[in-house]
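Please build the complete structure, drawing on both the sequences and the hints.
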Amino acid sequence: MSDPLHDDRGNRDRSITNPAGQGSPLPGYHGTAKPAPGGPFLIGDAMTGGYGRGADILHSCTIAVERGEIAVIVGPNGAGKSTAMKAVFGMLDLREGAVRLDGEDISRLSPQDRVKKGMGFVPQTSNIFTSMSVEENLEMGAFIREDDISGTMAQVYDLFPILKEKRRQPAGELSGGQRQQVAVGRALMTKPKVLMLDEPTAGVSPIVMDELFDRIIEVARTGIPILMVEQNARQALEIADKGYVLVQGRNAHTGTGKELLADPEVRQSFLGG
Amino acid sequence: MIRVDNLHRHFGGFRAVDGASLEIATGSITGLVGPNGAGKSTLFNCIAGALPPTSGTVTMDGEDITGLAPHELFHKGLLRTFQIAHEFSSMTCRENLMMVPGAQSGETLWNAWFRRSAIRDQEAELLKKANEVLDFLTISHLKDERAGNLSGGQKKLLELGRTMMVDAKIVFLDEVGAGVNRTLLNTIGDAIRRLNEERGYTFCVIEHDMDFIGKLCDPVIVMAEGKVLSTGTIDEIKADERVIEAYLGTGLKNKETA
Amino acid sequence: MDLLNALVALTNFVLIPAIAYGSQLALGALGVTLVYGILRFSNFAHGDTMAFGTMVAILVTWGLQSMGVSLGPLPTALLAIPFGILGCAALLLATDRVVYRFYRAQKAVPVILVIVSMGVMFVYNGITRFIIGPDTQSFADGERFLMNARQFREWTGLAEPLVIRWTQGITLVTAVIVVIALFWFLNRTRTGKSMRAYSDNEDLALLSGIDPEKVVRVTWLIVAALATIAGVLYGLDKSFMPFTYFQLLLPIFAAAIVGGLGSPVGAIAGGFVIAFSEVGITYAWKKVLTYLLPESLAPDGLVQLLATDYKFAVSFMILVVVLLFRPTGLFRGKSV
Amino acid sequence: MSNYLRPVAMLALVAVLIVGTGFVQSWNSALLILNMGLVSAVMSLGVNLQWGFAGLFNVGVMGFVALGGLSVVLVSMPPVPEAWSAGGARIVAGLILGVGAIAAAIVAWKTLSKKVRGWAVAGILVVGFILYRMVLSPAVDAVESVNAASTGYLGGLGLPVLLAWPVGGLLAAGAAWIIGKTALGLRSDYLAIATLGIAEIIIAILKNEDWLARGVKNVIGLPRPVPNEVDLQRDPGFVESAAGWGLDPTTASTLYVKAGYALLFAAVLVVLLILAQLALKSPWGRMMRAIRDNETAARAMGKDVTRRHLQVFILGSALCGIAGAMMTTLDGQLTPQSYQPLRYTFLIWVMVIVGGSGNNYGAVLGGFLIWFLWVQVEPIGQALMGFITAGMGEGWLKAHLLDSVQHMRLLTMGVVLLLVLRFSPRGLLPER
Amino acid sequence: QSDEEVKIGIILGFTGPIESITPAMGASAELALSEINESGNFLDGQTLTPVQADSTCVDSAAATAAAERLVTTDGIVAIVGADCSGVTGAILSNVAVPNGVPMISPSATSPGLSNAEDDGLFFRTAPSDARQGEVLAGILESEGISSVAVTYTNNDYGKGLADSFVASFEEAGGEVTLTSPHEDNKADYSAEIGALASAGGDALVVLGYADSGGKGMIQAAADTGAFSTFMLGDGMYGQEMLDDLSDVLEGSFGAVPWSQGEGAEAFSTLVNDTADFDPDSSYTRESYDAAALLALAMQAGGEATSEAAAANIMTVANEPGEKILPGELGKGLQILADGGEIDYVGATGVELIGPGEAAGSYRYYTITDGTFETVEFR
Ligand SMILES: Nc1ncnc2c1ncn2[C@@H]1O[C@H](COP(=O)(O)OP(=O)(O)OP(=O)(O)O)[C@@H](O)[C@H]1O
Ligand SMILES: Nc1ncnc2c1ncn2[C@@H]1O[C@H](COP(=O)(O)OP(=O)(O)OP(=O)(O)O)[C@@H](O)[C@H]1O
Ligand SMILES: CC(C)C[C@H](N)C(=O)O
Ligand SMILES: [Mg+2]
Ligand SMILES: [Mg+2]
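If you're matching them up, the sequences are chains A, B, C, D and E in order. Positions in the first sequence are counted from 1; adding 102 to them yields the working numbering. Positions in the second sequence are counted from 1; adding 13 to them yields the working numbering. Positions in the third sequence are counted from 1; adding 9 to them yields the working numbering. Positions in the fourth sequence are counted from 1; adding 563 to them yields the working numbering. Positions in the fifth sequence are counted from 1; adding 269 to them yields the working numbering.
Hints in this document: simulated from the structure, not taken from any laboratory. The structure displayed is predicted, hence computed values, not measured ones. Treat the hints with care, since some could be wrong.
[Stated by the list, open to error] Okay, the calculated bits of chain B under chain D, using three or more residues with CB under 8 Å as the criterion: (1) 32-40; (2) 92-104; (3) 110-117; (4) 124-136.
[What the hints assert, rightly or not] Cβ pair distances, simulated, as ranges: (5) C:Ala114 to B:Gly213: 48 to 56 Å; (6) E:Phe546 to D:Leu964: 22 to 30 Å; (7) E:Phe546 to D:Leu965: 35 to 43 Å; (8) D:Ile741 to C:Ile140: 37 to 45 Å; (9) B:Arg255 to D:Ile741: 50 to 58 Å; (10) D:Leu675 to B:Thr39: 39 to 47 Å; (11) E:Thr538 to D:Leu965: 30 to 38 Å; (12) C:Ala114 to B:Gly75: 53 to 61 Å; (13) A:Thr356 to B:Asp134: 52 to 60 Å; (14) D:Thr745 to B:Trp126: 28 to 36 Å; (15) C:Val107 to D:Val689: 50 to 58 Å; (16) D:Gly585 to E:Lys592: 49 to 57 Å; (17) B:Ala131 to D:Trp740: 22 to 30 Å.
[Said to hold, decoys possible] Straight-line Cα separation of at most 25 Å, DMTMM-like style, residue types lysine to aspartate or glutamate; simulated pairs: (18) D:Lys844 to B:Glu136; (19) D:Lys844 to B:Glu145; (20) D:Lys744 to B:Glu85; (21) D:Lys844 to B:Asp157; (22) A:Lys268 to B:Glu85; (23) B:Lys228 to B:Glu36; (24) C:Lys116 to B:Glu158.
Heads up, the beta-carbon is just placed ideally off N, CA and C, and yes, glycines get one too.
Written out as structure tokens, the structure is:
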């Protein structure tokens, strides 16, 4: 972050400068989708790229998920897990590689268009509209939908009953775990064909974590493929159909959750012994 | 070492900390756990002077330190790290460490202008110390890297390093582990233990990872809804029904059996 | 009788001017607050934006007048407002395209944008003076008074006059309509909600399929409308001069901040707080009191809290005081 | 090293520009530009101290500059005995009373219990205010009516004018202390707008408190640290040496005087610049950068952020005060009406940003460069317009274009600022 | 050394709060110079060249800079101007005195200038406001108004005039309910009017500038119905007023420096057949005289230098000597060339008293059906 436009030096006066919710730099994708039949349901294929003009962070890294599956990405900090997710979602420049969804090449689509194509994404941090009520958060999730959304909202509410109680409350007043539920709910409102979660359980107490995992499994059972990043690798890999271990932007190990859990090297260096 | 008596902190009508009382024994590594929104960070902030408590007292070695400003507490040897790393992003790792020690004569303008030589010697010492610390944390290869470019875990290490630049009495760590890779977390754990043994630091650690807490901490304090729910060794805690029901949940047991 | 006179005097010299001025400030502050909330910087160019929009309106008004168009009792300028808005919007969108957009794409920290807006302020400043010159321009026409002193005196037989100008009436009415419309838009319509969402968290808005550029465009459009309307009303009610519009920046900011930056309700409240304190504190209460109190107690001084020389200073004293006790403004703004 | 080369090159450029002015236009205007350039450099150095080092957004520069100007009057003008006897003592008493009331209010606020203190403070202030007005007003009237046409104020201390420069600094520092105490403490501080307003208030006071410095009636003919042109012209020795230079006495004398000012100003600038550099490169500077980067962390690491901010805010303002005093000395008059935010606040900001905030040399460079533009844009614009309109037939448009030249100034300033921000956002001499 | 050109600076507020009257003033001064050049009698055929500069009327810094430029770059030998008292004082002490350049102001009327530090370099063809104050007070008396509120433009002209007016009005037993300043170039004067209104008074005395605050105050007063009768100071006399406010001002009155008699008539005729500006616009006569005096003084001194001008102005302006009217400048020059003496009467019946300022007389006018109507001269 060395360049002047970004370091927030000498910016005490929040009354004249309001960084709240300022987004991150984006590539200017404006392309269209091309048919590319075959392959898994969603795949980021041999992706190479980085942020803006910065150095590459991903090096021909591949991530895929099939219908009804849960795929989990683990790896050390700064490995590029979140970056990989963003790449799949078109939030950073791919120098090489492609992203394909449901038999279409969507590498050149802008994030908005990918949402329209049916991708739902829950980022690692700041993943709710804190100043808006829970219900409005869900409505925003359904922003691109023209049809009637009450049905989906009902589904989300019985998936996360607590949200129904707090629907009028500003989401910012909820506790960590509840926020995560709102975030997932928001993503579900788009009726996504695939759901991507970045560390949904970070800083969440064990009880809420278990809760969340159960919910995620439920969602997967409804046939929505799920691609998620996790630091609680053990627990995550237990429920994963497929697991990826990223190291410095490269695929280090790939296999089913069980295999990876069994692999002593993986345990040693990523799951903390 | 630290004693908190019936501490309250309210935000508007909301009671984030609601009459918490606890003690941190000298030389211990005390764990502080509890559900999200239990008030752990808020409690920390109150002790460390970042937030004024609504009521209640905090004493350190019998001396009342309630509501003192952070920098005053710092000079009493009470240090803290943050739930989200607070590095000085545009400064190098080394500078991050060198700026820490208080009472640097070079920090008064007068000396900066008219007593350069005295400052020079002092700087030399700081430099030496900073390098030691970087070695200790196994990140000396990053000494001239801008702190802003470190990855999540390394930032946390740097924060820990800052506490080593001075002889702290007690250090508060807020969620060192959140989003940190487990292997790295173990390294941090070792660092903490060494500081505790070699330098006699007292620690108080917030963490949601029970394995980490289990390996490191004794005793463990559980907070819920702004109150202290129970205190004891990790095993006592894991056995405590109220804790399981409020915080751990049954999932943990299942996993251990699995 | 005396009581009535006192009331009339008060209304004539405090209430009416303050309400009119207040509505004008409120409209201005709304513009500032929108930019701050959605584009995330304090727009120092707002005063000059108002000046530009008004200037366009004035030029059009002159055109209409020369063509003999008129609204009877109402000032012709009202017809020109839409054109003013268009002109202003064009300028703002162009500026956004050439200047702001670059920094937005870079995700420059807001303070850079603030300084950029200073640059823009200089440029607008120049453009406006370049086109219409630095002098005072009068463009009000139609009936001047809704009710003038003589009428009122004859009508009520009171000693004190009560004068209401058309412009004051129009100002109030327009302000109310505009504000209601704005609120409805922000809280009820889809676009409005998407703007709030964007202002809350850009990236997430993106992930929900909201098109940022569209939000920005809409914002500038609204700002242009607010600025022009505020400017024209102010110009009709008082008079148009580029420099005074630049000076308006200060009370407008005061209003926005007192209300709590980023909070529309606050902007309006702030506008009136500032207006009333400015007029009220510098008003000499002698007259009113002489009516109210018995002869014996009648004041001989002016009973003026602060000489009118310091009128300008008042808004800031208010500002500082409010901030000391309520650091985020009356309606806690985004400023934390 | 290139990062030494760049500043040198830039400053050389400025030198060329100014000397060029000397050849093309007249040495008088060249020196005039140089002098104001030096003053501007000091101002932007001050703003840079606040913004570049500590990130304090001070938009009240104008106020501090004006205070500097005031100090020149208070220090150097001869006292007006009649006025003093008319009500001097009483005014002083009144002021003390006012300060006392505020002090009392603060004490009350600090000591009393939550319930009563609000009313207590309000009470104290109201009573205090009334007393203050009762004591002050008659005295003011008395003083102002002493030969209103030519004095009507208390006058100054009649001390050497150079003394006014440090005093100006102190005056500004004092004001900064008060402002800082109130505004810097705020949770998310509103320094910018607060300072903007306070500057206006200061000007309002200067304009309306005639007993202080004749208000809008201006104080003219301030004493000067350099000889008077006429005296020089009358001094045969000087005339001779002037002739030796092949200059007529008038030109020679005016040049001589301006050069004198230039030397004085340059001396001040150099000293301040050195001090600023030493500070920046010391642990103090490092601490300041840390605070700027992350206040919360700096606090937790034992740095007294509030105090440091106050310190640097005061220092920066003091610089502006000194510069203001220098400028008023140069003008030889105090004219409150000429203080405009566009000219004395925003223009200074342009200087800092264009020069490169956080870099002292940058600030100085910006001071010179922007001032040069500010002065030269007008003739250049004239030439430009003349060129553009040359083709046109006489008529409304041509006339309009020609007489709207002076507005090119603002436009150009804006464009320059925007271009710099666009293509080297850290200014011409970046911080690091 | 003939056909050499001598530069005279003309520094007036061509922009700013009196911009509507300055063009006429400038033209009038240049008229005098061109008349002299045509006569060809000036110092055996040297020509006088006018150099104009903008005093802005209020911004002393700008004015000094402009004057500085004229003196150092253009090398003028004397100054006609400036117009407004504030800038005049500034130019005097910062440019004229240091460089020893004499200046004659046609319109700076502040009493303060009477005893300013001037090394005998400052003169004015307009009377001091000390006098105007008395005149205005007198007018109120004859209008039978005993209680007024006063507002003045917040600069030293306004302040000075207000002071002298209030003094002499209260002397005469009148009551001033409130004296409050107004800033020029504000959009809104309702607060100021509010205060004045609540202070009360039978009339509002407006001592401001026609194209700026003064006008705004009257407008605001009319809008709120606070006052219906106004008395206008010299700064308020101008066509501007009639154009925009005739209905409001109907029945109001005021005073402006004026002079009748042969000089004034001569001037009017001269203007009407040689130039195209309104000879009755304020301070045009004074401007003509200012320029003429400078030339005559240099002639009397026998050289085109600042010293010569400064030294001889009083002698050419006053007795003894042959009376010189507008249009007779050539004759005057000739007389001086032949070593004779003159007493320049000019358009305003110049009689420089005390520290070199006009005694001056005023025209007391009322505004009836949209025109300035002379009542009498005082
Ligand atoms: N916005 C950004 N601009 C530039 N570099 C970035 C940005 N975000 C992340 N990086 C860099 O990209 C690398 C990968 O970051 P990423 O967030 O993907 O790691 P991660 O695997 O998600 O780690 P964690 O488990 O801590 O979330 C890191 O070195 C980080 O410094
Ligand atoms: N500044 C604030 N304003 C209002 N409410 C707050 C504020 N800070 C914290 N809270 C509330 O206080 C409660 C306790 O917050 P705190 O951060 O202490 O929880 P925690 O125990 O640290 O949880 P976590 O484990 O997620 O960090 C939460 O419900 C939070 O919403
Ligand atoms: C032209 C006049 C209105 C100037 C005024 N008499 C003054 O001294 O400022
Ligand atoms: Mg991540
Ligand atoms: Mg916490």
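Verification of the supplied hints:
1. Check result for the region 32-40 of chain B against chain D: violated, 0 residues qualifying (beta carbon to beta carbon below 8 Å, three or more required).
2. For the region 92-104 of chain B, the assignment as covered by chain D holds, since 9 residues bring a beta-carbon within under 8 Å of that chain's beta-carbons and 3 suffice.
3. Given as covered by chain D, the region 110-117 of chain B passes the check, having 5 residues with a CB less than 8 Å from a CB of that chain where 3 are the minimum.
4. Coverage of the region 124-136 of chain B by chain D holds [criterion: at least 3 residues with CB-CB distance below 8 Å; count 7].
5. The hinted window of 48 to 56 Å between C:Ala114 and B:Gly213 holds, with their beta carbons roughly 53 Å apart.
6. Checking the proposed 22 to 30 Å range against E:Phe546 and D:Leu964 shows it holds: the Cβ atoms sit about 25 Å from each other.
7. Distance hint for E:Phe546 and D:Leu965: a CB-CB separation of about 21 Å, inconsistent with the stated range 35 to 43 Å.
8. The given range of 37 to 45 Å is respected by D:Ile741 and C:Ile140, whose C-beta atoms sit roughly 42 Å from each other.
9. The given range of 50 to 58 Å is respected by B:Arg255 and D:Ile741, whose C-beta atoms sit roughly 55 Å from each other.
10. The beta-carbon spacing between D:Leu675 and B:Thr39, approximately 40 Å, falls within the hinted interval of 39 to 47 Å.
11. About 34 Å separates the C-beta atoms of E:Thr538 and D:Leu965, a value consistent with the hinted range of 30 to 38 Å.
12. Remark: the range hint 53 to 61 Å for C:Ala114 to B:Gly75 is upheld by a beta-carbon distance near 58 Å.
13. Evaluation of the 52 to 60 Å hint for A:Thr356 and B:Asp134 yields a pass: the beta carbon distance comes to about 56 Å.
14. Separation of D:Thr745 from B:Trp126 is about 29 Å and conforms to the stated range, judged on CB atoms against 28 to 36 Å.
15. Between C:Val107 and D:Val689, the C-beta spacing of about 53 Å keeps the proposed range 50 to 58 Å intact.
16. Taking the beta carbon of each, D:Gly585 and E:Lys592 are about 50 Å apart, inside 49 to 57 Å as hinted.
17. Taken as a hint, the range 22 to 30 Å holds for the pair B:Ala131 and D:Trp740, whose Cβ atoms sit roughly 29 Å apart.
18. For the given pair, D:Lys844 sits about 12 Å from B:Glu136 by alpha-carbon distance, which is consistent with the 25 Å threshold.
19. Restraint check: the Cα-Cα separation between D:Lys844 and B:Glu145 comes to about 24 Å, which is no more than 25 Å; the hinted pair holds.
20. Distance hint between D:Lys744 and B:Glu85 is fulfilled; the C-alpha atoms sit about 20 Å from each other, no more than 25 Å.
21. With a C-alpha separation of about 17 Å, the suggested pairing of D:Lys844 with B:Asp157 holds against the 25 Å cut-off.
22. Distance check on the hinted pair: A:Lys268 and B:Glu85 sit about 41 Å apart at the alpha-carbon level, beyond 25 Å; violated.
23. This hinted pair checks out: B:Lys228 and B:Glu36 have alpha carbons roughly 21 Å apart, not beyond 25 Å.
24. With a CA separation close to 23 Å, the supplied pair C:Lys116 and B:Glu158 stays within the 25 Å bound.
Of the numbered hints stated above, those contradicted by the structure are hints 1, 7, 22, listed in ascending order.
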